[in-house]
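Participant: Protein chains in written order, with my numbering: chain A, 1 to 544; chain B, 545 to 762; chain C, 763 to 1175.
Hint data in this document are derived by calculation from the structure and do not stem from the laboratory.
One-sided excerpt, in silico: chain C residues whose CB lies under 8 Å from chain B:
#1 Cys-1097
#2 Pro-1101
#3 Lys-1104
#4 Ile-1105
#5 Gln-1109
#6 Arg-1112
#7 Glu-1128
#8 Asn-1132
#9 Leu-1137
Owing to the predicted nature of the structure, the values given are computational and were not obtained by experimental measurement. For every residue, glycine included, the Cβ atom is placed at its ideal position computed from N, Cα and C.
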Amino acid sequence: MTAMGVDHATALRSWSARAPAPPATGDLPPAELVRHFHPDHQADHQSELRVGACAGMRCPSGLADLLQANAHIDDVDLAGIRNLHADVLVLGGGAAGVVAALTAARDGAAVMLATKLRLGDGNTVMAEGGIQAAVGADDSLQQHFDDTLAGGHATADPELVAALVSDGPAAIRWLMAEGMAFDQQNDQGDGASTLRRLRPGGTTVARLLSYRDFTGLEMMRALREAVLLQPGVEVRERYAALELLTDPHGRCVGAVLLDLERERLVQVRAGAVILATGGAGRTHLGGNATSNHYGATADGLVLAYRVGACLREIDSFQYHPTGLAWPRHLRGLLITEAVRALGARLVNGDGARFIDELAPRDVVAAAILREIDAGRGVERDGLTGVLLDTPTLERERPGVLQNHLITLVRLARKAGIDPASEPLLIAPTLHYQNGGVAVDTNGQSSIPGLLCAGEIAGGIHGRNRLMGNALLETVVYGRRAGKAAVTTMRNPSGRAVGITHLGDWQRGLIHAGLPLDRRAPVLFPAYGHADIERRIHARRKSAL
Amino acid sequence: MSADRKVRLTFDGQDITVTVGTSLIQAWIESGRPLVDNVGCMGQGVCGACRVLVRRSGSGTVETALACETPVEDGMQIASVDYFPAHRPHRYDLHAEVEVESAAAKPIDRIFPEAAHCRHCGGCDRACPRDIEVERMVNLAATGEAREAAALFDHCVMCNLCVAACPEDIDPAHLGQFVRRMAAATTTLPVDLDQRLQEIQTGHQPIRRPPSPGRHES
Amino acid sequence: MKVLTHTSARTPDLAAWLAAGGGEGLQHALTETAAIIPALADAGLRGMGGAGFPAATKWQAVADADADEKWILCNGNEDEPGTFKDHFLLTQTPHQVIEGALIAALATGATGIVVYANPHAGGTISGLEDAVEQWRRHPLFDRVRAHLDQPFELTVQLSSGLYVGGEETGAIAAVNGGFPFPREKPPWPAQDGIHGQPTLVNNVETLALATHVLRHGADWFRQLGNTAPGTKLFSLSGDILRPGLHELPMGTSLRALIEDHGGGMLAGTPFKAVFTGGPSNTLLTASDLDVALDFDSLRARGSRLGTGAMIVVGAGTSIVRKTAEYVTFFADSSCGQCPPCKIGTHQVARILQRIDQGWGQPDDLEALDNLVELLLGSGRCGLVDGAATVLASSLRAFRTEYEQAIGNANRLP
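Okay, chain A solo, but in the shape it has when bound (with noise of 0.2 Å):
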């Protein structure tokens, strides 16, 4: 797809002329849209796994390298390490992660909460438009489930889909009561309020619940307080998961920490674990930009398939349509689906739409990359991509950038552009992980003692994830799983704990012919020249 564009100042021109430009479906069917030009359908993208539970399923390339490696420390690494133990270990410090850690607390579990960076840095934070939930009297759970599994092309675990949607109210009211603020109208006439909804792109309803264009801060915010405030939860900052702990019957029972402010291992046993972890943007599959917050590497993902988990969906990934696709140092930088639910349109090269641009993202992304491979993009300084015609909508609705898309107003700054006169240029970004560790509706995985909640977790959304079902899912599962890890814990002391999983794993390795000197998680993306090994040993007592 390296077909030349249309120059940004010709461009520009166009749209201006043609605006607003008449509405347009596109002549291909979605599916069609989809399996062309689509990131996960392109012949030398995904490559088929080799070892593992999941062998012979397909997987990107860069996430098979990260999934097949081998581990960063041997069994002599972890002696005379620092040994800590928690009733839940939970491990990412997102919404999933903290919700998850509230519950098993407020359940009587002594908590410990991992984070490799800060308590709340993690995808969540980032998340702009919304969060779904069948509160709409126009509304229904039936409704939301219907929606959820077709935009997910009829791939989803239907019963992971029932417990998102049935948890959706009772997990905003949830949400409420600790503190969180949602946008509401007083429409009922005698001082009672209603919840702003607006429609997402997939759904047949307006279901999405937010504040402002920052919902996900304002989650974050309030969770986190939550968390610190919380008695029975230890939050550790600057600690990466580097292993998970297991038994000789193949349960899971604690991990072994990177302590990266003192640079030294520690291991931690626990009654159960739950991966929190988030998803897999920076790892730049197929060298795409992405929208994601800078931890996140897949790190859960590959610690979960070493101990045998099984994964699904795992070649699906999200591409959000308007990822800032100029300038370069801003590149990947989410613009909210909220813009294009409100009523702005994509326009191309020629300034004309292509496509309902309330279509599911896999469709609206694969339509934006059809026309850029058509040369029918936008070009600019060496960077492709569409124009997303926010000057109009702020004619048609005077007011609606400062007063409902904020955020969006102060990326656009950062380019150096007016959003109320200059439209921006806009392409694809890796967005989220729609597959991952198969779990149950207790968000329990194939691996007794562990659990996952968030984006980590896989079956939910098929093989696309509808807008606001992400942070819904961080919520419901969150609870889910920190409820079940309490039920299910069991105190691994007295059991031999320890990493000869990895015995196994390395044979593995060694019959596929995968070499044994790549290491993962890679806990930061490359450019971040982490030096992990380095840190890892740092403070090895010399072998006299």
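Use these hints to put chains B and C onto chain A, whose structure you have.
Facilitator: Here is chains B and C on its own, set in the frame of chain A:
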């Protein structure tokens, strides 16, 4: 775009030469230095992780900023600032506070007693990278005007620079979150949500699964 | 030669002070008012609050001002670690201080004197109030008032006890009824001080010395010193056998101070360094042992006399830990107006604490060097500069100690 113009700056003592038009955090990355903390949303400006002190060439003033949204300038001198938690955590149980909410038992006096001793130095305002009126928020909260205080703190990204800047240990960022959370948690349940919850409770929101859950092979 | 610490000065009883020769300075000032400032200029009296600014120049600026009110602020806030001379003067010898303030009032045509004292220096206040009351009821006071021929008051005011309250504009802000926030200079106190009026801010040691200059004359005062005029109260502390207040000729060498008067290093430990008060100045090291301790000689060495506090550090005391202690003091004392000061000093303190606790990284030294450069001059008063200076000096003179603290953290070579 003058894509070839280079600028030189010093970041934590490391001299960096980088192309103009990029952000401070991108400059750090381009220099090849390790980046393993004080990093997050990489330019969206919502996570507050990349706090820095910035001195511009020839200037005597030093300002706080977020590195991911600050463009590089020639001669800049930058120092990263760690995350400073409050000297003394201000503990409360939100659910319990919501239950006993009354004008008489002003929770702020109990939970954030330092707020009444604001010395009006203005340091928090100057430290905030979002230009929030932090001092005014603290003063409003201390006099019981919690909702007005909460509204002022809308755009906080929890960088905690105001916490580091406050000489009275008021812990403004967490005071701001407290008043916001109280305001949100004491709002009456919206009627549509209330209604839907009742329906679910009484079994009036069934979900019919599709007849054959199709799973497409990859 | 004991001047300020002479037994005759150590009395709470004004009558006793006057009987022993106190009051003579004030008498000379009343008789020849126009000769007061020239006498100070001749004597070469310098400010003892830390800056060493020529007293006569400051007094003249206020004398020349044309205003409805003029003020004398006797600065006894003294909150620096290791400085305890002002405490001694105000609690043990209040009358020589007050007499000096009255002389200053005559020289400048003041309408009021505020004796500004730190309430944490226990025992100060009731004694001071009593001393002031004795003066108010004394005929000498009436003569001063009559000479000035205008409304005139003498009061005591407690400071907040905070370090920034010792900065002259901070002191003025406090006397004006607010928080002792330092402010930008200019305007200088001589232009805009208490009530917005011309104000002379002098350390209490300076005023006490002025009393003796007027009593015995400029020549006498000059000859008391070695390389510079007069005597100096050195607050000696640290790894020394005889810590305490030592009044010695200005220009006494550091070696003499330590060995002849301070009893030598504690337990014979080798000398390592001295933090001068402070402690916001460049460290003195072994190569400075024969330096004359006066304002100009130390400035020529790249350091400062400051308040004359000398915190002596021997080989058994860690420079890293001491520097961390002092930077933390500055961080806690920062008034908050200037984020680079408050946040910057806290960030420095945090890095130093990490090094001290064994988690330092080699990069930390470069980060500290960078912070020094970045922070210098970034505040509206000298606090942040003091922190940056003492840090820079310790890094320069004792870098191996820092490297060892980092290297000690059990790493592979």
